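Residue numbers (this note's numbering), protein chains in the order written: chain G, 1 to 695; chain X, 1 to 233.
Don't read these hints as lab results, they were simulated from the structure.
Result set (SDA-like, lysine to any residue): computed pairs, CA atoms no more than 25 Å apart in a straight line: (1) Lys603(G) - Ile89(X); (2) Lys662(G) - Ile127(X); (3) Lys430(G) - Leu454(G); (4) Lys603(G) - Ser67(X); (5) Lys139(X) - Arg147(G); (6) Lys68(X) - Arg252(G); (7) Lys68(X) - Pro609(G); (8) Lys139(X) - Met636(G); (9) Lys68(X) - Asn159(G); (10) Lys95(X) - Ile679(G); (11) Lys551(G) - Glu91(X); (12) Lys114(X) - Glu640(G); (13) Lys125(G) - Gln74(X); (14) Lys83(X) - Gln486(G); (15) Lys95(X) - Arg673(G); (16) Lys129(X) - Ala658(G); (17) Lys95(X) - Ala479(G); (18) Lys106(X) - Thr154(G); (19) Lys403(G) - Glu91(X); (20) Lys594(G) - Gly85(X); (21) Lys139(X) - Phe146(G); (22) Lys68(X) - Val635(G); (23) Lys129(X) - Pro615(G); (24) Lys114(X) - Met626(G); (25) Lys125(G) - Leu71(X); (26) Lys95(X) - Thr485(G).
Coverage of chain G stretches by chain X, computed from C-beta distances (three or more under 8 Å per stretch; other residues unrestricted): (27) 612-622; (28) 625-632.
Some residues of chain X that are not near chain G, with every Cβ distance over 10 Å (derived): (29) Leu154; (30) His185; (31) Pro224.
Treat the numbers as computed from the prediction; the structure is a model and nothing was measured. Every residue, glycine too, gets a C-beta built ideally from N, C-alpha and C.
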Amino acid sequence: MKFDDQKIRNIGISAHIDSGKTTLTERILYYTKRIHAIHDVKGKDGVGATMDSMELEKERGITIASAATYCEWKGHEVNIIDTPGHVDFTIEVERSLRVLDGAILVLCAVGGVQSQSITVDRQMKRYKVPCIAFINKCDRSGANPFRVISQLRTKLGHNAVAMQIPIGLENNLQGVVDLVGMKALYFDGDNGEIIREADIPSDLLDEARAKREELIDAASLFSDDLTEAILEEREISSDLVYAALRKGALQREITPVYMGSAYKNKGVQPMLDGVTYLLPCPSEIENVAIDMDNNEETTVLSNDPDKPIVALVFKLEDGQYGQLTYIRVYQGTLAKGSTIVNVRTGKKVKVGRVVRMHADQMEDVEYLHAGYIGALFGIECSSGDTFTSPEVNLTMISMYVPKPVISLAIVPKDNKSQVAMAKALNRFAKEDPTFKTFVDNETGDTIIEGMGELHLDIYVERMRREYGADVTTGNPRVAYRETITQRAEFNYTHKKQTGGAGQFGRVAGFLEPISDAEFVFENKIFGGAIPTQYIAACEKGFKQSMAKGPKLEFPVTGVKVVINDGASHAVDSSDMAFQAAARGAFKEAYLRAKPVIHEPIMKVVVETPAEFQGPVMGLLNQRRGMIIGSQDEDVMCVIEAQVPLAEMFGFSTILRSATQGKAQFTMEFAIYRQVPQSIAEKIALEAAQNKKSAA
Amino acid sequence: MIKKEMIYRNPLVNLGYDNEDILPVGGFGAVLAHAGVGKTALLVQLALNGMLRENSIMHVSLNDAVSKVDLWYQELFHDIAEKFGIAEINEYWDKIQPYRFIMTFKVEGFSAPKLEERLTDLMEQNIFKPHTVIIDGYKFDDAGRGQLVQLKELAQKYSMCLWFTVHTHRHEPPQENGLPLSFLHVADLFDVIVQLATRGEEVYIKSLKGKSNASAKNDLLLDPETMLIKTGN
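Given these sequences and hints, build the entire structure.
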């Protein structure tokens, strides 16, 4: 069976928070007739945008979980993943990008390339996602799409070319000039659904010609036919231009830029045309998987629907009908009733219901072909799992998952809440690999860990609302780490004779710091001073010690352990004895290896009106922040700093009050760095108190 | 060790500018070159040298974003320090990074009063007090003398030295003193002027003004990767 996927587009909409991507998605759904009315984010009708399916998202006016949806545009099937804009949720963005073939980078015509756009762009580069840009909010005062195009070039290094020029700007935005077809487009009707083509207004003709020339110049680099047509001064057809642009866009060598205002219903449909003309279909993207039966070699997947199934779970949601598993099929056909295997667990499952999602409504389908995104019901799995046909053992390359940097203790108010909380935590941990939960053995508290204050706040809030778990939270705790700074030797004998079989083991060697790994164990024993069968026990003992540092009981990282001597006893030595000897040796050498505490340092980017630059820098400085630099951009200013996470709690409130609510910031983990002495003493004191109260 | 290596291979000191800071307090320095020869790299090198001596360096870029300027520093520092262990490099980098502040403006948005406003913001709150300011991307062709005089006053007022990159054009033949015509109207404001030039694949540095040790070499071969003196030179 030959299956034509030329008319499928899997796209994401990625952008900075508040650049209007949810509104844009809403308009796309409206024009593709997936919805029949428009509800705005924070709209007066109280319905909220269709893609913001969670109650909380509706209330906060932000998109937290990506909702997948599918629509049709001019004979093309378009699967859209709406992605969150806040950095705390970037795992969602990353997961979406992993399963997408192309993306629309939404930028604000006033704010331009903001810090989050830079993060999102970096992620797109990592997953080699071709993109087109849409400059939204051209109706806003201060809108300047060409400034944004120049920022795309200078700040993100995109070869950005305008596909359109606006007809009027700010309050006077009337439509756009299509530079390929050289015609003016106006958007009539109550919701801009009627596109009226007209001649280009005479006052824009010169500008349109100049910009078209730029566009064709840029496109000609990707097409000999187009270059020939230019040189021979032949008429240049739209198809020729689109073919050249498409080639460039697929290689990420050119970024076609559309513009308009989603809110004012202008410019959305031409951008959708751009999606179909310029973004790739699934077979144009090379997807690879790891072959577990063949030495973990990478293998290129084929879009052939007749080949064995390979599909990736990229999102789980707990809906009213049970667990909904969002899945992208990379190879084969996933049909109702087919048997698939979860490569991670080896469990076989039979596919029950297969659906396509439209925000929180769904549509039953018989099968999903390679290249499609859909959802399954009743499948037990975690996010990031690969499902395959039983005859193959392939796994999609694991996604990069950052480690959590902040933790919070949560306590349920009563038994009912305890049960609900457990259910909620289990679900969240499955849905989001950056969200972790465990029980602290000493205090008995349930601890949740994540990527930032807002990240955890949202989950606590969801626990209350969706699961009815009444919980109280403790103060957020920073994930400190311990490490050593110099080499220290050990020579430790573990000896116990308390009746019955004794315990004996001696290990000698040294610890030394390393910076590129968490733990390295090296066995340099020659001549069998420690019999080979006990070496693994030694390694285990050292590894156990890394979980809780002898200094302040934080996890230890960056240690290389070398053992070069030891002794054993024919009767009394055992795995247990050598594990205990290794733990003792670690303890013995550790304090002599000058341990220090490391803390997570966050990259904080604040965008503020220039008049607040001084106060904002002051705020960052007070928080032990190191300001990397400041960037003046007309009326706005962007300040980039590295600030310890421990100092960032409550920063959003303080920033708001210092800047009359006009500044915003994003924060992401950057690096672990040594804590200054004075702070280390404070942390030691707090740790001692915690230990005391736990006892 | 890294510090020693950088000072040993510093092209300006080796060119006969024997004062470690090269410029006097309130002084101006300029690096002249055609586009793409390595003006920014040389000044970043100079800045790294200052940072290693615990002098605060403010890098004002009128072309590039903060992240790009930061990358210049990291790349050049890692290039010089590559023979040292990664732990030592990171430790040193953490140590010297607080001595640097990057500030970027759009060319048209930059002016002496604006720079002063930003500087006072930083100094009043004790956040950063620069010893040296590097201004990269200043348009000498367009700017009159007035703006530079204002900057000179600023340099004297806050006891800083200022380094500039000067973009020379290939179509503009140098005058007798080696300076391009478009720079002559302000040349007297500068205490030190050096020029970077290419000969084939190689980059040379040449002193045009302000050398205190006349017997020192007149031009030196640089390693285009690091803009330090090529070892074995």
